[in-house]
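Enquirer: This is what each chain is made of:
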Amino acid sequence: MDLIVEGIKKAFSLIFTLDAEVLGITLLSLTVSGLATLISMFLGISVGTAVALSRFPGRRIVVSLINTGMGLPPVVVGLFVTIFLWRSGPLGFLEILYTPTAIILAQTVIAAPIVTGITLAAIQHLPANLRLQILALGATRVQTVWLLAKEARLPLLAAVMAGFGGVISEVGASIMVGGNIKGYSRVLTTATVMETGRGNFDIAIALSVILMLLVFLVNAVLTQIQQRERPR
Amino acid sequence: MKPETNPDALLRAERLLVHRGGVTVLDIPALDVFEGQVLVLIGPNGAGKSTLLLTLAGLLKPSRGRLLFRGEEIDAAGSGYRRRIAMVFQEPLLFDATVFENVAAGLKIRGRGRAEIGRTVPEYLERFGIGHLARRSARKLSGGEAQRTSLARAFVTKPEIIFLDEPFSSLDPPTREGLTGDLERILRETQTTAIASTHDQTEALRLADRIAVMNGGRIAQIGPVAEVMNRPVDGFVASFVGVETVLPGRVTRVSDGVFTAAVEGGEIEAVGRVRTGEGVLCCIRPEHVTLSTNIPPPGSSARNVFSGRILKIVAIGLFHRIHVDCGFNLVAYVTRQSLESLSLEEGGDVIASFKATAVHVIHRGGPLPAPPC
Amino acid sequence: MQNDRSFLIRRVLKKHGLAVFSAAVFLVGMALPAPAAGPAQKNLILATTTSTQDSGLLDVLIPIFEKKAGYFVKTIAVGSGQAMAMGQKGEADVLLVHSPVAEEKFMAEKSGVNRLIVMHNDFVVVGPSADPAAIKGSKTSSEAFKEIAAAGALFLSRGDNSGTHAKENEIWKAAGISPEGQKWYQQTGLGMGQTLNVASEKRGYTLADRGTYLVLKKNLGLEIQMEGDPLLLNVYHVIQVNPAKWPKVNAGGAKAFSDFMVSAEAQGIIKTFGVAKYGSSLFFPDAGKKEGDLGK
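Chains as they are written, first to last, in the working numbering: chain A, 2 to 233; chain B, 239 to 611; chain C, 206 to 501.
Okay, chain A solo, but in the shape it has when bound (with noise of 0.2 angstroms):
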């Protein structure tokens, strides 16, 4: 009990004092889970959307292999990068293993599905002819696919904050393709671990005060949005 209040204060003093290093192991956090969010967003949405909206022949297959992405489990996917970017691997000479770039890589491998499935529920659960009527209204291509996820905006954010609450907090990917370098690739997850194994419980117990506090300001940030799009 006594460590769980030493933790917690230990949490409060490392954010109010500002510790340069605590400091700097959030921003890496936040900047790696943000662009793998942002990339992942790219990437889900306009290939979600795709799929929604055509019709070809192994469709199914594509939509239960995207499905079966979204439950990607994140040291899977770190094996598998890091054998990628092993120098004698196929993507070796990016040079890129044991990088924030790398997290970022497998962090987007991880998240990306999530939003392309969540957007593809959201954008097939629109009226069937909403599509149409946005052609009817002159839309190009593009236009279309614009006004179809803004429509469903709010499922699509839902979307994107699964996916950075998924990778924010994924532990087993970052540390094995990040390696958890200090000052360089030491994200929230990799230090809490690293630190519980030193026995720092007191920094750890911090490190996770701090992670759940980002998760909960993404959480309210998004429960903010929502109530103000639906009112009553």
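Read the hints as simulated data drawn from the structure, not as lab findings.
Positions of the beta carbon are idealized from the N, C-alpha and C atoms, including for glycine.
Don't take each hint at face value.
[Unchecked claim] Under the rule of at most 30 angstroms between Cα atoms (straight-line distance), these lysine-lysine pairs were calculated in the DSS-like manner:
id, chain 1, residue 1, chain 2, residue 2
1, C, K247, C, K272
2, C, K294, A, K183
3, C, K476, A, K183
[Claimed, not checked] Pairwise CB distance ranges (calculated):
id, chain 1, residue 1, chain 2, residue 2, range
4, C, V265, A, A51, 51 to 61 angstroms
5, B, G356, A, P128, 22 to 32 angstroms
6, C, P268, A, M213, 24 to 34 angstroms
7, A, A51, B, T440, 39 to 49 angstroms
8, C, V306, A, V63, 44 to 54 angstroms
9, B, D334, A, P74, 34 to 44 angstroms
10, A, G184, C, K422, 23 to 33 angstroms
11, A, M213, C, I474, 48 to 58 angstroms
12, A, S47, B, R258, 27 to 37 angstroms
13, A, I9, C, V265, 47 to 57 angstroms
14, B, G284, A, S47, 33 to 43 angstroms
15, C, P268, A, I9, 24 to 34 angstroms
[What the hints assert, rightly or not] To list a few chain B residues with every Cβ distance to chain A over 10 angstroms, as calculated:
id, residue
16, A343
17, R373
18, D410
19, P470
20, R511
21, A540
22, L556
We have chain A; now place chains B and C onto it with these hints.
Expert: Same frame as chain A, now just chains B and C:
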């Protein structure tokens, strides 16, 4: 009624075929839509009305055939043709935005400036009686308000042709009544060419210059309203349109709620809120027409009495349908018993009568009666 | 098309100005935590054991080396076994490991060059203060292990092919016991720190390097029950991955790191590291010594 004089169709379909799942759902050898006219498609569910509308609007690629707009073949892939038309569906299909933003959508898509949007949109909001709703969220509209928004969104782009797919069929009757009147007025004011589908006969009669009756993906009959209603080409059309006698006319005299309308080949007295000079459709259901051989018919207070000649007698179940030429064509039903006791036969003379209250009056063109408020 | 584009841009900026702004912030932010901005060969991958990282020693040594040599060190803290596996594939440039038997094999197959002794500490057998298997007073570690097995007292093994795990297997072998599959023998598959935590929670015995144990001692309900056996010696070597085998290896960096670890400066730091905090040194510098002379 606008006469069918325009020799060049605004929109022409040639050998249109639509297959779905190996089944032909639409087969239209030829169809012309004339500028400034309203063509109404009627027919049972699954007759192909919606498919035809979507195909003509360039939203559904036909399996075969081609569409000519002002004599040029339509390129359905680009947005060019779609920017010259508009379409209103049964559901309002509004965006999750304000009424104003919804009505502005088509203009924004066309890249029109803020100034033009600010000028045009309010004008159309007023036209459809939703000016006071401009700032309201489209999610908080009644069914009628939502469909008015959808109509305004379609008309504001000043389409050269507008497609309406059962636009009012999910509304309650009073709302539908009001909207049909407004739509008719705006179509006339703007001289917009339109193709509408509907289930509702009154709606069809109010809006249509021409009617096309569809069945099984084909057009069973197409022509001016009175022609289709009065002279169905076959049993299907007859059963579907209900074989009312429909007489286009103009009000010549109004007194005490009873008015006289001049129709082709005669005058009819009827009851309704009309003004002198107004165009009307007088509809008389066959069961309301009494046939006799005496003048005046015994025990009748009917104000409309015509002598005529029997053109045709068709047996339909327990009834016989009698087509009478009394200056205009009138259809009556009689029982087998009456047929025999009156000894009616084709070519024979007969007295036809119906009450003024039996005439179903549909307003058409000309000034509208004062709104019932 | 022109309309489309300006339409889109206008919509995006108007409705999603915040998102676009954050995206820009993210992109700018990306540039900040990237000391790898220099040439690619500035990056040096050091594969090492969890004990060197968990003890905090590398947090002290690496920044000094980076500053001095101008390399950016990517420390990947895994077990000695995995570190050597990375070396075998050329995925690391330099190793700091403590699994002598495996290291010799690694050298024999020409995966590494220039294996140098850096430092040592020792392993200790720790267990609950009650010492249920009564191993206190055992003369050798293998004797202690025999008693644990005889008493059926819980023993927590790393089970991760780390240097510690290799040492533990060596002791079981010396004791003539094969513990795998026994009820009282559990493998955590975790690092040293976490395995100590598990042992503490479960009131079991485990083999730990003294450094990590000392660092974590305050949170553990474990005491040293057996120490001082020559077999418990824990020696760390630095090995450069063979650049002749893998041309992509940063040979220059590996050499520089290797030189640094045996330099007087680094050896001095190793000697004093942890004294202030834990009351005794965690590691003992051994540069230039022979392995056989240690612990005497």
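Enquirer: Now, for every hint given, state plainly whether the structure supports it.
Expert: Against the structure, the hints come out as follows:
| no. | hint | result |
| --- | --- | --- |
| 1 | K247(C) - K272(C) | 12 angstroms, holds |
| 2 | K294(C) - K183(A) | 24 angstroms, holds |
| 3 | K476(C) - K183(A) | 23 angstroms, holds |
| 4 | V265(C) - A51(A): 51 to 61 angstroms | 53 angstroms, holds |
| 5 | G356(B) - P128(A): 22 to 32 angstroms | 29 angstroms, holds |
| 6 | P268(C) - M213(A): 24 to 34 angstroms | 30 angstroms, holds |
| 7 | A51(A) - T440(B): 39 to 49 angstroms | 45 angstroms, holds |
| 8 | V306(C) - V63(A): 44 to 54 angstroms | 51 angstroms, holds |
| 9 | D334(B) - P74(A): 34 to 44 angstroms | 36 angstroms, holds |
| 10 | G184(A) - K422(C): 23 to 33 angstroms | 27 angstroms, holds |
| 11 | M213(A) - I474(C): 48 to 58 angstroms | 37 angstroms, violated |
| 12 | S47(A) - R258(B): 27 to 37 angstroms | 29 angstroms, holds |
| 13 | I9(A) - V265(C): 47 to 57 angstroms | 29 angstroms, violated |
| 14 | G284(B) - S47(A): 33 to 43 angstroms | 36 angstroms, holds |
| 15 | P268(C) - I9(A): 24 to 34 angstroms | 30 angstroms, holds |
| 16 | A343 | 6 angstroms, violated |
| 17 | R373 | 13 angstroms, holds |
| 18 | D410 | 21 angstroms, holds |
| 19 | P470 | 32 angstroms, holds |
| 20 | R511 | 36 angstroms, holds |
| 21 | A540 | 49 angstroms, holds |
| 22 | L556 | 44 angstroms, holds |
Hints 11, 13 and 16 from the earlier list are contradicted by this structure; the remaining hints agree with it.
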